[in-house]
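Take the sequences, apply the hints, and build the full model.
Here the protein sequences come in this chain order: A and B.
Its first residue numbered 307, the first sequence is counted upward by one per residue in my numbering.
Its first residue numbered 307, the second sequence is counted upward by one per residue in my numbering.
In case anyone wonders, no lab produced these hints; they're calculated from the structure.
Possibly wrong hints are sitting among the right ones.
Identical chains blur together in the list; that is why a pair holds if it fits in one copy or across any two.
Computed list of lysine to aspartate or glutamate pairs in EDC-like fashion (alpha-carbon distance at most 16 Å, straight line) [as the list claims (entries may be wrong)]: (1) 399 x 603; (2) 731 x 753; (3) 403 x 586; (4) 731 x 341; (5) 403 x 379; (6) 383 x 394; (7) 752 x 406; (8) 723 x 691; (9) 750 x 578; (10) 399 x 753; (11) 626 x 465; (12) 383 x 365.
Here the structure is a predicted model, which means the values were calculated and not measured.
2 protein chains.
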Amino acid sequence: MSVQKPSIPQGTRDFGPAVVARRNYIFGVIRRVFEKFGYAPLETPTMENLSVLTGKYGEEGDQLLFKVLNSGDFLTKKNAAVTAEDLEAGSRKVLPKIAEKGLRYDLTVPFARYVVMNRGTLTFPFKRYQIQPVWRADRPQRGRYREFYQCDADVVGTDSLLCEAEIVLMMSEVLNTLGLTEHTIKINHRRVLGTFYQALGGEGTEVDLFTAIDKLDKIGQDGVTRELLERGFSEASVARLFELLSVQGSFAEKLQQLQSAFAAAQVPTEADGSYKGLQELGQVQQLLQDFGFTHFDHLEFDPTLARGLSYYTGCIFEIKINNVNMGSVSGGGRYDNLTGAFGLPGVSGVGFSFGVDRLYDCLEELNLFPEAVATTTRCLLASFDLENSRQLLPILRQLREAGVAAELYPDEAKLGKQFKYADAKGIPYVLLQGPEEQAAGQFKLKELSTGQEQLLGWNAVLDALTK
Amino acid sequence: MSVQKPSIPQGTRDFGPAVVARRNYIFGVIRRVFEKFGYAPLETPTMENLSVLTGKYGEEGDQLLFKVLNSGDFLTKKNAAVTAEDLEAGSRKVLPKIAEKGLRYDLTVPFARYVVMNRGTLTFPFKRYQIQPVWRADRPQRGRYREFYQCDADVVGTDSLLCEAEIVLMMSEVLNTLGLTEHTIKINHRRVLGTFYQALGGEGTEVDLFTAIDKLDKIGQDGVTRELLERGFSEASVARLFELLSVQGSFAEKLQQLQSAFAAAQVPTEADGSYKGLQELGQVQQLLQDFGFTHFDHLEFDPTLARGLSYYTGCIFEIKINNVNMGSVSGGGRYDNLTGAFGLPGVSGVGFSFGVDRLYDCLEELNLFPEAVATTTRCLLASFDLENSRQLLPILRQLREAGVAAELYPDEAKLGKQFKYADAKGIPYVLLQGPEEQAAGQFKLKELSTGQEQLLGWNAVLDALTK
Chain A
307 MSVQKPSIPQ
317 GTRDFGPAVV
327 ARRNYIFGVI
337 RRVFEKFGYA
347 PLETPTMENL
357 SVLTGKYGEE
367 GDQLLFKVLN
377 SGDFLTKKNA
387 AVTAEDLEAG
397 SRKVLPKIAE
407 KGLRYDLTVP
417 FARYVVMNRG
427 TLTFPFKRYQ
437 IQPVWRADRP
447 QRGRYREFYQ
457 CDADVVGTDS
467 LLCEAEIVLM
477 MSEVLNTLGL
487 TEHTIKINHR
497 RVLGTFYQAL
507 GGEGTEVDLF
517 TAIDKLDKIG
527 QDGVTRELLE
537 RGFSEASVAR
547 LFELLSVQGS
557 FAEKLQQLQS
567 AFAAAQVPTE
577 ADGSYKGLQE
587 LGQVQQLLQD
597 FGFTHFDHLE
607 FDPTLARGLS
617 YYTGCIFEIK
627 INNVNMGSVS
637 GGGRYDNLTG
647 AFGLPGVSGV
657 GFSFGVDRLY
667 DCLEELNLFP
677 EAVATTTRCL
687 LASFDLENSR
697 QLLPILRQLR
707 EAGVAAELYP
717 DEAKLGKQFK
727 YADAKGIPYV
737 LLQGPEEQAA
747 GQFKLKELST
757 GQEQLLGWNA
767 VLDALTK
Chain B
307 MSVQKPSIPQ
317 GTRDFGPAVV
327 ARRNYIFGVI
337 RRVFEKFGYA
347 PLETPTMENL
357 SVLTGKYGEE
367 GDQLLFKVLN
377 SGDFLTKKNA
387 AVTAEDLEAG
397 SRKVLPKIAE
407 KGLRYDLTVP
417 FARYVVMNRG
427 TLTFPFKRYQ
437 IQPVWRADRP
447 QRGRYREFYQ
457 CDADVVGTDS
467 LLCEAEIVLM
477 MSEVLNTLGL
487 TEHTIKINHR
497 RVLGTFYQAL
507 GGEGTEVDLF
517 TAIDKLDKIG
527 QDGVTRELLE
537 RGFSEASVAR
547 LFELLSVQGS
557 FAEKLQQLQS
567 AFAAAQVPTE
577 ADGSYKGLQE
587 LGQVQQLLQD
597 FGFTHFDHLE
607 FDPTLARGLS
617 YYTGCIFEIK
627 INNVNMGSVS
637 GGGRYDNLTG
647 AFGLPGVSGV
657 GFSFGVDRLY
667 DCLEELNLFP
677 EAVATTTRCL
687 LASFDLENSR
697 QLLPILRQLR
707 EAGVAAELYP
717 DEAKLGKQFK
727 YADAKGIPYV
737 LLQGPEEQAA
747 GQFKLKELST
757 GQEQLLGWNA
767 VLDALTK
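The structure is reproduced here in structure tokens:
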């Protein structure tokens, strides 16, 4: 076995103790909010059959799936031996013969697969959350990884707008609990976008319109204009679009203005004279009011929000942190046909997802991680020699029995080295008991951050370490 | 996109809400004990480079690694295009050209890789724990999965036997906290096995002897005898071996008997007249006594314990649950050269691992899961109609503000259906407030397990749900 310099794959990361502790803090906040709202945990396997994954994320997504090689003699499986002609035809021809499994690409498709496989035993509406890593063979770059965690909450089997309102509540509670108070929860409705298309009079295609609007953040009004003109929209239509998109005022005022504008453009309404997208947004707002939601200043109806070309059919959501320069930290929406690809049509659901890496970066930039999160060991017992170590063992046991994370430096070493160890590990307290202190029935407790040293009896030590 | 009946890969599992909650309970107990002993969390990537994994688990292990196909056009990578000759030569020849990464096979090799990559910045002794899944392309069978979690704790950079003693303490605390009080923690020392070999007078090989002893549990004394005779050991030697293995009595008595037996067989001692394996076991026992360890009746010196042919060089551990018919739920030991393969020789460490699936099965068989673990939502608000739902929203908010996991049935439905939902989800309480109760400023709280219904004021409701 030759000696090698080890490395980890591009785009993947080791998380050392301090980072895991901080990530677990974020996961814990999210998990507690999800559970308080009645969402229950689900975990699905890392590997899914490629037949489940392929075709669900578009052509580009299929390329970005990590595929797992069949085990054993993968070239010569019965019914699927790789031939010289296959090799000639290239990777696409060979792939299905040598790989049947892939790594989870998101948490939504495995969730849909789970719902369909267990539809006979699940209780609907089914509310689940899922906090697991996903993998994408994307080109790694700053802030983009090939392995990263998603935190999803979805409810399927109901089209009640209460679910949308509760998503806003959950988003708000997670952000405020983390201290990310400077945020904007943006909300829109897929059918508002559809009504824009109708209001423009039928030029171009809906897909072209949504794709262009989705880029507004990145390429600005000029870029979107250019793109729409290229795609066959008239200058008058584009001008009309930006007039519609520029509605101002409160949530309710914007809804009202668009209602009037759509009516003026003679876009057909529902039987009751309303536009369904606007109407549902109004209902969500009303439910939040009934709830006693107090953060309306952080909720914005943003008619330019498009959330890509994904499967959403109703309300869509996105969160921006206002005082950090970063993309959205969360997004989601309602979909009417999540499980259709697996043979179970007509199951409506709504859900959203937090990106943990971005939340982490925001908390770090704003210095919002609580200090207590950083370390696990609270007290190091330092010893003068092996005999002293032996005497400290019952002390160590009693500290742990009191719930204090504690350790004894395991080797015979100078006190300076032991203090350095505590300092490097971020252990806040060092406890000593030399012959003098022992004779007096006391301990020396040193707080490393202040340098303060105290001579204390056992009960006072326990008090200091458990408070 | 054609409709398909979805499935998951062989040997993998979905974990629904009830199972996740129970697994998280086990993980939580283990994590808290690890942290109380000063072990800090580490997480490594799911994929490792095959150069890191290959050759670390023996020939068979290499076969059981899941390999990840290179992304993109994997057949024609520069410097590694697959040729017709490669195809002819077979899978082994093609593999290194199309796969550079594999899935984590255990937590030990990634830990060693991490230590070597970060040796400049880590503080030694480095105590880490790691709770993550691993993957093995084993033939799936009852109780053996292709994806399963391991919970490891290791300390490297010290050869202090305090670490061995603390492993016994951690094992004992985890098992007792889980309620698995009927257990045996078996301990042995690799050098005791080595001394057996010397005592037999140099027939056969050490590897053959250890391999045979390791099977004693499975094939019994007759099987081991047959195997050793086949491998060139004499009948006298085998008889002598079983005489040595059959020592009886307390921990200390067994140590004493073997010391005498080895001396009688004229096996060379250390300079101080001791046998190092026996001596270290004695020291571990002494440290546990100093600690005030009270469960010596569960600790057994088992000279037949061999723990396979792995990399252990010092003490070895294994846990059996006595009242469940199942293999060991935990094992570990000391190794002197964990990081040698990565160019960092001489780093001594000791660690152990819990198998969560087996612990889970034991708790289930013995009915030891606490009831409170089973559900997350504590109270369902049932509503009579949409108007009633709206009135219940502030109640829902206040319950959650008080930390009560609560949900409102989102659709208009008959009460019977809502109660059925609560029952199926294992929600213990249903809260109602019809017009009558509202007029009286009261609520109806029903406990589903007993059927008991109470008319209560708001404070009494909060009391009942938060107690």
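Quick rundown of the hints versus the structure:
1. 399 x 603: neither (55 Å within a copy, 63 Å between copies)
2. 731 x 753: within (14 Å within a copy, 48 Å between copies)
3. 403 x 586: neither (48 Å within a copy, 55 Å between copies)
4. 731 x 341: Only across copies: residue 731 and residue 341 sit 13 Å apart there, 33 Å inside one copy, limit 16 Å.
5. 403 x 379: both (12 Å within a copy, 15 Å between copies)
6. 383 x 394: between (19 Å within a copy, 15 Å between copies)
7. 752 x 406: Neither. Shortest intra-copy (59 Å) and inter-copy (50 Å) distances fail the 16 Å Cα cut-off.
8. 723 x 691: within (13 Å within a copy, 69 Å between copies)
9. 750 x 578: Cα proximity of residue 750 and residue 578: none, with 78 Å in one copy and 38 Å across.
10. 399 x 753: neither (65 Å within a copy, 60 Å between copies)
11. 626 x 465: Cα proximity of residue 626 and residue 465: none, with 26 Å in one copy and 51 Å across.
12. 383 x 365: neither (27 Å within a copy, 21 Å between copies)
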